[in-house]
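Go by the hints and put chain B onto chain A.
Chains A and B supply the protein sequences, listed in that same order. If you count the first sequence from 1, position 46 lands on 46 in the UniProt record's numbering, and the numbers rise without skipping. If you count the second sequence from 1, position 313 lands on 313 in the UniProt record's numbering, and the numbers rise without skipping.
Be aware that one or more of the hints could be misleading.
Claimed, not checked - Quick list of simulated restraints, FRET-style, between CB atoms: (1) Gly235(B) - Asp141(A): 39 to 47 Å; (2) Ala220(A) - Glu16(B): 54 to 62 Å; (3) Lys346(B) - Asp285(A): 28 to 36 Å; (4) Ala220(A) - Arg13(B): 52 to 60 Å.
Read the hints as simulated data drawn from the structure, not as lab findings. Just so you know, even glycine gets a beta-carbon here, dropped at the ideal spot from N, CA and C.
2 protein chains.
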Amino acid sequence: MRATVIHAPHDIRVEEVPDAAIQRPEDAVVRVLRACICGSDLWAYRGEAARQPGQRIGHEFLGIVEETGSAVSGLKAGDLVVAPFMWSDGTCDFCSEGLYTSCVHGGFWGSVGFDGGQGEAVRVPHADGTLVKLPAEAVSDDQLLTGLLALSDVMGTGHHAALGAGVRKGSTVAVVGDGAVGLCGVLAAKRLGAERIIALGRHTARTDIAKLFGATDVVAERGEAAEAAVRELTGGHGAHAVIEAVGTEQSMRTAVNITRDGGAIGYVGVPHGSGTGLDLGVMFDRNIALRGGVAPVRAYIPELLEDVLSGAIDPAPVFDRAVSLDEVPDGYRAMDDRSALKVLIKP
Amino acid sequence: MRATVIHAPHDIRVEEVPDAAIQRPEDAVVRVLRACICGSDLWAYRGEAARQPGQRIGHEFLGIVEETGSAVSGLKAGDLVVAPFMWSDGTCDFCSEGLYTSCVHGGFWGSVGFDGGQGEAVRVPHADGTLVKLPAEAVSDDQLLTGLLALSDVMGTGHHAALGAGVRKGSTVAVVGDGAVGLCGVLAAKRLGAERIIALGRHTARTDIAKLFGATDVVAERGEAAEAAVRELTGGHGAHAVIEAVGTEQSMRTAVNITRDGGAIGYVGVPHGSGTGLDLGVMFDRNIALRGGVAPVRAYIPELLEDVLSGAIDPAPVFDRAVSLDEVPDGYRAMDDRSALKVLIKP
Numbered sequence: 001m002r003a004t005v006i007h008a009p010h011d012i013r014v015e016e017v018p019d020a021a022i023q024r025p026e027d028a029v030v031r032v033l034r035a036c037i038c039g040s041d042l043w044a045y046r047g048e049a050a051r052q053p054g055q056r057i058g059h060e061f062l063g064i065v066e067e068t069g070s071a072v073s074g075l076k077a078g079d080l081v082v083a084p085f086m087w088s089d090g091t092c093d094f095c096s097e098g099l100y101t102s103c104v105h106g107g108f109w110g111s112v113g114f115d116g117g118q119g120e121a122v123r124v125p126h127a128d129g130t131l132v133k134l135p136a137e138a139v140s141d142d143q144l145l146t147g148l149l150a151l152s153d154v155m156g157t158g159h160h161a162a163l164g165a166g167v168r169k170g171s172t173v174a175v176v177g178d179g180a181v182g183l184c185g186v187l188a189a190k191r192l193g194a195e196r197i198i199a200l201g202r203h204t205a206r207t208d209i210a211k212l213f214g215a216t217d218v219v220a221e222r223g224e225a226a227e228a229a230v231r232e233l234t235g236g237h238g239a240h241a242v243i244e245a246v247g248t249e250q251s252m253r254t255a256v257n258i259t260r261d262g263g264a265i266g267y268v269g270v271p272h273g274s275g276t277g278l279d280l281g282v283m284f285d286r287n288i289a290l291r292g293g294v295a296p297v298r299a300y301i302p303e304l305l306e307d308v309l310s311g312a313i314d315p316a317p318v319f320d321r322a323v324s325l326d327e328v329p330d331g332y333r334a335m336d337d338r339s340a341l342k343v344l345i346k347p
Numbered sequence: 001m002r003a004t005v006i007h008a009p010h011d012i013r014v015e016e017v018p019d020a021a022i023q024r025p026e027d028a029v030v031r032v033l034r035a036c037i038c039g040s041d042l043w044a045y046r047g048e049a050a051r052q053p054g055q056r057i058g059h060e061f062l063g064i065v066e067e068t069g070s071a072v073s074g075l076k077a078g079d080l081v082v083a084p085f086m087w088s089d090g091t092c093d094f095c096s097e098g099l100y101t102s103c104v105h106g107g108f109w110g111s112v113g114f115d116g117g118q119g120e121a122v123r124v125p126h127a128d129g130t131l132v133k134l135p136a137e138a139v140s141d142d143q144l145l146t147g148l149l150a151l152s153d154v155m156g157t158g159h160h161a162a163l164g165a166g167v168r169k170g171s172t173v174a175v176v177g178d179g180a181v182g183l184c185g186v187l188a189a190k191r192l193g194a195e196r197i198i199a200l201g202r203h204t205a206r207t208d209i210a211k212l213f214g215a216t217d218v219v220a221e222r223g224e225a226a227e228a229a230v231r232e233l234t235g236g237h238g239a240h241a242v243i244e245a246v247g248t249e250q251s252m253r254t255a256v257n258i259t260r261d262g263g264a265i266g267y268v269g270v271p272h273g274s275g276t277g278l279d280l281g282v283m284f285d286r287n288i289a290l291r292g293g294v295a296p297v298r299a300y301i302p303e304l305l306e307d308v309l310s311g312a313i314d315p316a317p318v319f320d321r322a323v324s325l326d327e328v329p330d331g332y333r334a335m336d337d338r339s340a341l342k343v344l345i346k347p
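Next up, chain A with everything else stripped away, as it sits in the complex (with noise of 0.2 Å):
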């Protein structure tokens, strides 16, 4: 089959690798119908995140079980399903409380020794603790697969992010960084209730889907305007629920100034170095709590499947540029360079 393949930093190439197939009895083979590139590949890419030549990549994607191990049993041939961006068996202590990113028995797409979600087809081991099965008839319906598939990842990620931010009904919500998840997180916080959501973001393009997604403000500053814009919003003292989806010392540092005193900061950016642009002695001066982490996106996935599904979210245009996996490696140029905000891969 083909693949996408990370060989160096921006070195991604499709290619012929064997083709994905049962291993252990509790896997499942899925055909890949819609997969997609994450702002955290672009760290591959770039090589800010160590990868050994030939590792496949891509953690999100849907579609239809080709084949299942003797151990699965809620699973068949011919299901559509979405995958979470990492692997969980279903039934460890971790997953039965919900976090299934921190499974025993877990791992994630791309692994040395594991197929990809850029792919034609992957193998996916735990296939009943993984997979999550959607109504056949979205097979048909591309506006609606492209919104599910936001459910491996970007969706989940940006209600994690809401979630730890103490987002509820009411909330004033500021929400750091315009890449799809941040945009998702506006997403989530409309859907949990939010009143005020502040984005910030400097590209109308991505700043218009914030709009769109419940944002009520847009603060196109940046550093200390950006602050000292959003405490103008909210009365001197910050908002409350932040979402912090970018990872940087400096957005970490924005995200900790524009916080209100006793409120809290959801991240989900993946940090870059260690103790990224906090300064505890603010955070303690103003009880400020920090929540979130890797997004145990497999938790979420039933309660967000419902509500895109009926239509009340649909995240779908968060994807502005769709690719043939031929083009993939395009599709990494085009987010690196943000000519695109994210990247469908249509195999």
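Using the frame of chain A, we list chain B on its own:
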């Protein structure tokens, strides 16, 4: 009157200062019956927190109202009162939310121009919002009075840490720090229904108090050995709720490493330096939350007071030495060399 003054690191003196007196209509003057020395006073004593030569010191006291300003309505001369470690107006947006430490008119005892708690009397700004009345009969019960003094800081701070760590009925809790705050964290966790409380500490005089307060296990190891011991006591995974009551790089690192994935650190140790010991990458991967900061003890006094009065909790054992006002410099030396846990002052 006589009061404690800090002239330079390690130069603490008790000397004649101007009498505490009403300056504003919201003021009260409180004659101090009990005060004490805080672990955080040691940072000034050691020169690690800057003070202007001649500043007063001490932020924990209870006593008798001697005089009230014309705008004070809830207190009168003769009332027995306890003061939280910051004053607050009790009416601003933050006070209304219970975050008294962010009061827009709040401040710290011993700030330049203000009395400290380690003296014969204190001018209390915003007396109505700050002071909490105690039953008059407590004045004749030495043990009770000592327990009530703990409400000014350590008991409420331990409670704040336990809340930050998410302690609830049945929780497994680990406590980093065997100072008075850490020990009060044990007591607070027990009060909130924790089932298992693991106290980290090497000094049996302190860990004996931890046991008295409800610790079910004591870990005497340090560093990585302590982390391994806590993991072994918790099925390999760590504690869901971790109280951090030190504030150093090492203690914060220990706290992160003994927190179960998906758990929370309630931190109340004043951070020394920025980003102290925090590896955000580790916290991110394991969804560890960080909550806490300077404790709004004013919010907690009413509920904790009931339990001290009923005998349900007695924090008095954290005071293991008593001195007169003139002996306060000896008290600092004793806490600095760790021969005393927490020094009570009877002016």
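Here is how each hint holds up against the structure:
1. Gly235(B) - Asp141(A): 39 to 47 Å: 46 Å, holds
2. Ala220(A) - Glu16(B): 54 to 62 Å: 59 Å, holds
3. Lys346(B) - Asp285(A): 28 to 36 Å: This hint holds: roughly 32 Å between Cβ atoms.
4. Ala220(A) - Arg13(B): 52 to 60 Å: 56 Å, holds
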